[in-house]
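As a plain string of letters, each chain reads:
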Amino acid sequence: MSSNRQSASASPWRAPIVFAILAALFVLEGTVRNGMFSGSWNTSLAILNMGLISAITALGVNMQWGYAGLFNVGVVGFLALGGLAPVLVSLPPVQGAWSAGGPRLILSLLVGLGTLALARIVYARTRRGLLVALVLIAGFVAYRWLFDPAVSAIEANNAASAGNIGGLGLPVLLSWAVGGAFAAAAAWAIGKVALGLRSDYLAIATLGIAEIIVAVLRNEDWLARGVKNITSIPRPVPYEIDLQQNPAFVDFATRWGFSAAEASGIWVKLCYMSLFLVVLLTIVLLAELALKSPWGRMMRAIRDNETAAEAMGKDVTARHLQVFILGSAVIGVAGAMMITLDGLMAPTSYNPLRYTFLIWVMVIVGGSGNNWGAILGAVLIWFLWIKAEVWGPNLIGLLVGPLPDGDVKAHLLGSAPHMRFIAMGAVLLLVLRFAPRGLVPEK
Amino acid sequence: MDILNALVAFLNFVFIPAAAYGAQLALGALGVTLIYGILRFSNFAHGDTMAFGTAITIIATWGLQSLGVSLGPLPTALLALPIGIAGTALLVLATDRVVYRFYRVQKAAPIIFVMASVGVMFVMNGLTRLLIGVDEQRFDDGARFLIAVRDFREWTGLAEGLALRSTQALTVIVTVIVCAALFWFLNRTKGGKAMRAYSDNEDLALLSGIDPEKVVRMTWIIAAALMTIAGVLYGLDKSFRPFNYFQILLPIFAAAIVGGLGNPIGAIAGGFLVAFSEVAVTYPWVKIAGYLAPGWEPGGLLQLLGTEYKFAVSFVILIVVLLFRPTGLFRGKSV
Numbered sequence: 001m002s003s004n005r006q007s008a009s010a011s012p013w014r015a016p017i018v019f020a021i022l023a024a025l026f027v028l029e030g031t032v033r034n035g036m037f038s039g040s041w042n043t044s045l046a047i048l049n050m051g052l053i054s055a056i057t058a059l060g061v062n063m064q065w066g067y068a069g070l071f072n073v074g075v076v077g078f079l080a081l082g083g084l085a086p087v088l089v090s091l092p093p094v095q096g097a098w099s100a101g102g103p104r105l106i107l108s109l110l111v112g113l114g115t116l117a118l119a120r121i122v123y124a125r126t127r128r129g130l131l132v133a134l135v136l137i138a139g140f141v142a143y144r145w146l147f148d149p150a151v152s153a154i155e156a157n158n159a160a161s162a163g164n165i166g167g168l169g170l171p172v173l174l175s176w177a178v179g180g181a182f183a184a185a186a187a188w189a190i191g192k193v194a195l196g197l198r199s200d201y202l203a204i205a206t207l208g209i210a211e212i213i214v215a216v217l218r219n220e221d222w223l224a225r226g227v228k229n230i231t232s233i234p235r236p237v238p239y240e241i242d243l244q245q246n247p248a249f250v251d252f253a254t255r256w257g258f259s260a261a262e263a264s265g266i267w268v269k270l271c272y273m274s275l276f277l278v279v280l281l282t283i284v285l286l287a288e289l290a291l292k293s294p295w296g297r298m299m300r301a302i303r304d305n306e307t308a309a310e311a312m313g314k315d316v317t318a319r320h321l322q323v324f325i326l327g328s329a330v331i332g333v334a335g336a337m338m339i340t341l342d343g344l345m346a347p348t349s350y351n352p353l354r355y356t357f358l359i360w361v362m363v364i365v366g367g368s369g370n371n372w373g374a375i376l377g378a379v380l381i382w383f384l385w386i387k388a389e390v391w392g393p394n395l396i397g398l399l400v401g402p403l404p405d406g407d408v409k410a411h412l413l414g415s416a417p418h419m420r421f422i423a424m425g426a427v428l429l430l431v432l433r434f435a436p437r438g439l440v441p442e443k
Numbered sequence: 001m002d003i004l005n006a007l008v009a010f011l012n013f014v015f016i017p018a019a020a021y022g023a024q025l026a027l028g029a030l031g032v033t034l035i036y037g038i039l040r041f042s043n044f045a046h047g048d049t050m051a052f053g054t055a056i057t058i059i060a061t062w063g064l065q066s067l068g069v070s071l072g073p074l075p076t077a078l079l080a081l082p083i084g085i086a087g088t089a090l091l092v093l094a095t096d097r098v099v100y101r102f103y104r105v106q107k108a109a110p111i112i113f114v115m116a117s118v119g120v121m122f123v124m125n126g127l128t129r130l131l132i133g134v135d136e137q138r139f140d141d142g143a144r145f146l147i148a149v150r151d152f153r154e155w156t157g158l159a160e161g162l163a164l165r166s167t168q169a170l171t172v173i174v175t176v177i178v179c180a181a182l183f184w185f186l187n188r189t190k191g192g193k194a195m196r197a198y199s200d201n202e203d204l205a206l207l208s209g210i211d212p213e214k215v216v217r218m219t220w221i222i223a224a225a226l227m228t229i230a231g232v233l234y235g236l237d238k239s240f241r242p243f244n245y246f247q248i249l250l251p252i253f254a255a256a257i258v259g260g261l262g263n264p265i266g267a268i269a270g271g272f273l274v275a276f277s278e279v280a281v282t283y284p285w286v287k288i289a290g291y292l293a294p295g296w297e298p299g300g301l302l303q304l305l306g307t308e309y310k311f312a313v314s315f316v317i318l319i320v321v322l323l324f325r326p327t328g329l330f331r332g333k334s335v
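Chains R and E supply the protein sequences, listed in that same order. Per the UniProt record's numbering, the first sequence runs over residues 1 to 443. Per the UniProt record's numbering, the second sequence runs over residues 1 to 335.
Keep in mind the hints are simulated off the structure, nothing from the lab. Ideal placement from N, C-alpha and C gives every residue a C-beta, glycine not left out. A few of these clues could be false.
For the chain R half of the interface with chain E, some residues (derived, Cβ under 8 Å), not all of them [stated by the list, open to error]:
id, residue
1, Gly69
2, Phe71
3, Gly208
4, Ile209
5, Trp360
6, Asp407
7, Val408
8, Met424
9, Leu429
Pairs of lysine-lysine, DSS-like flavour, derived with a Cα cap of 30 Å [stated by the list, open to error]:
id, chain 1, residue 1, chain 2, residue 2
10, R, Lys292, R, Lys314
11, R, Lys314, E, Lys107
12, R, Lys228, E, Lys238
Please put together the full structure from these sequences, using the hints given.
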């Protein structure tokens with residue numbers, strides 16, 4: 001690690017300049033209409049909103065990597081787990097689902113967790129593998145005996161439009177915090193096992209837990225309807241259709257020279273943007289305060305030289321666990337926000353390349369260890385990722401233009417979307433090699 | 001009680017598929033473990049490099065098929081395998097030269113290597129998509145079955161049928177040959193001894209005049225061969241889809257860690273352990289139970305876990321090993 005953190009400080013103007021370039025890109029996207037930009041504020045703000053969510057995710061990853069040097073390859077899992085929160089918290093309760101099997105289901109989950117806890121206690125007391133195995137087998141049988149009928153009952157309840165356990169009907173904003181708590185709990189379990197061992201083991205364990213979380217969301221219909229998706233998750237902001245029917249809003253829009261349809265879209269996105277900005281700035285503020293406190297100095301000391309920090313009496317594994325949980329909680333919050341923004345829970349969309357590795361590119365490009373760098377990197381890379389969808393084919397079209405029509409040309413044109421992956425990998429490798437401190441280096 | 005039918009059902013649904021899958025995992029885990037032993041990092045690009053090697057082999061197979069070349073009962077892909085290995089070896093050597101060598105000279109932390117391998121994974125993934133697209137491809141030709149269900153029933157008169165697909169038999173045979181060749185190389189040849197010496201103690205190996213770059217090159221070439229063979233066998237057995245090769249990364253890592261990272265025998269044992277547990281846990285045992293205990297009607301399928309959760313099995317194995325024996329069953333490295 002230490003070999004990659006040069007002590008030379010970068011120009012203090014670097015961050016503001018990158019910020020200005022970024023702002024200019026979004027303004028161009030909103031105003032200019034040509035082959036490169038769409039000229040629609042709706043598109044521009046949509047990219048920005050998703051960019052802000054990516055920025056919060058990147059902040060979480062940056063806490064783990066930048067503060068502690070922990071490599072989390074399961075970002076997609078923590079995002080997905082956070083995304084479960086709006087479904088379970090803010091959806092209205094499903095009629096009859098709870099009475100069909102709710103208490104039994106909760107009991108079965110408690111039995112499952114209790115079995116694991118009991119097995120741990122038995123092992124700590126007796127150190128007898130056979131006894132632990134007996135406890136686990138008995139617990140598993142009890143769990144399945146409780147769980148299976150409850151699940152079939154819930155899934156049979158109005159299977160066409162529901163079939164899930166339903167939510168609590170609470171405000172959706174509350175679910176953002178719950179999403180963080182979900183992800184933190186998963187991070188605790190993983191960190192407890194994999195931290196304190198070789199550094200690669202955490203990476204491999206997080207890779208595994210992410211695949212399992214996504215598989216659970218995909219297959220457990222009682223939880224969030226699996227691949228049947230959950231739509232119409234409640235919104236914290238007004239609906240476009242209500243705005244368009246509100247005469248005061250239409251007046252307001254025409255005074256600014258927008259049509260009601262366009263203005264309502266922009267207004268909703270601005271509302272989301274303000275919410276996201278509040279969350280983002282709160283997290284940055286807390287993170288910066290933490291980083292400048294004795295705790296932050298300790299974290300950096302551990303990161304730069306674990307052996308020395310341990311010799312000074314710091315509990316390295318416990319601190320790693322702490323920061324791993326905190327970072328994952330932030331990722332969970334971002335996951336809940338993303339589902340709220342989309343209004344849709346579609347487990348099939350959780351693709352590790354998009355949600356884990358792209359976030360990593362953002363953090364590395366932005367400047368690991370620097371919160372503002374992570375934010376900048378996230379919004380910039382997200383913008384490029386989205387625009388590459390348009391620019392890539394245009395560029396390839398330009399390049400293969402002189403070629404004669406035929407199979408080769410068609411193949412090259414058709415493969416343009418795949419170039420995004422190569423480009424992102426190349427960006428990651430180049431930054432890692434030639435500018436390991438990123439766009440905005442750590443101070 | 002009908003032991004024969006139960007045994008046939010067990011062979012057909014558990015043993016044969018698990019043996020073939022275990023052989024594929026073992027080859028993959030051998031590659032991971034070799035790279036770990038010599039280069040000292042977990043290669044996250046492994047799955048996608050396997051996919052790349054398979055993609056080249058498939059394209060070469062198509063080429064051969066269009067020329068009318070075939071191996072009779074064996075799949076043409078075997079003939080195309082050397083081309084796939086050569087292409088993959090060139091690619092990984094180029095990546096080593098462009099990406100990893102810089103960090104090796106710098107003596108960067110292992111986690112930086114892992115991160116670089118993630119970048120390589122992205123590029124490989126894109127290259128594979130570019131070459132062959134994201135759709136499913138089937139490229140097995142030749143005889144489909146060594147033993148077909150109906151023939152088996154006629155020969156034995158049992159109610160339960162047994163099918164042995166030629167790809168399954170081929171997988172196991174090829175794996176045995178490859179493993180034998182690899183161990184012969186590691187134990188008997190000068191290059192193999194240099195590799196083991198370098199893996200055991202880098203400084204001492206350097207002092208005895210072993211060229212580290214040569215050892216690294218050899219490692220990559222062998223790993224490329226292992227990756228391509230594993231990928232092609234997996235593709236022949238299950239059909240080729242690039243995303244599956246990313247997902248197989250977890251069982252492969254689990255196998256390598258269970259056996260002890262850096263330990264080739266451990267990797268093979270780990271591969272079979274993971275495969276057999278995965279198949280045994282996700283197989284519905286109700287049929288076999290029906291033969292063994294007629295008259296007993298279990299309420300369900302006697303399936304411990306749905307097949308969708310097969311990755312959970314490798315994950316749990318991984319966790320148990322990390323909890324109780326982090327260096328693996330066969331004592332690998334614990335750098």
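Do the hints match the structure? See the list:
Given the 8 Å rule on beta carbons, the hint for Gly69 (chain R) holds: about 7 Å separates it from the nearest Cβ of chain E. For Phe71 (chain R), the suggested interface contact is upheld, since its CB lies about 5 Å from the closest CB of chain E, less than 8 Å. Satisfaction of the interface hint for Gly208 (chain R) is found here, the shortest Cβ-Cβ separation to chain E being roughly 4 Å, below the 8 Å cut-off. For Ile209 (chain R), the interface hint holds, the least distance from its beta-carbon to any beta-carbon of chain E being 7 Å, beneath 8 Å.
Proximity of Trp360 (chain R) to chain E holds as hinted, the smallest CB-CB distance being about 6 Å (cut-off 8 Å). Because the beta carbon of Asp407 (chain R) sits about 13 Å from the nearest beta carbon in chain E, more than 8 Å, this interface hint is broken. Given hint, Val408 (chain R) at the interface with chain E, is violated; its Cβ is 13 Å from that chain's nearest Cβ, farther than 8 Å. The closest approach between the C-beta of Met424 (chain R) and any C-beta of chain E is roughly 5 Å, which is under the 8 Å cut-off, so the hint is satisfied.
Contact between Leu429 (chain R) and chain E, as hinted, is supported at the beta carbon level, the nearest pair being about 4 Å apart and thus within 8 Å. For the suggested pair Lys292 (chain R) and Lys314 (chain R), the alpha carbons sit about 18 Å apart, so the restraint of at most 30 Å is met. Of the pairs offered as hints, the one joining Lys314 (chain R) and Lys107 (chain E) holds, with about 26 Å between alpha carbons and a cut-off of 30 Å not exceeded. The hinted pair formed by Lys228 (chain R) and Lys238 (chain E) meets the criterion: a straight-line CA distance of about 27 Å does not exceed 30 Å.
Hints 6, 7 from the earlier list are contradicted by this structure; the remaining hints agree with it.
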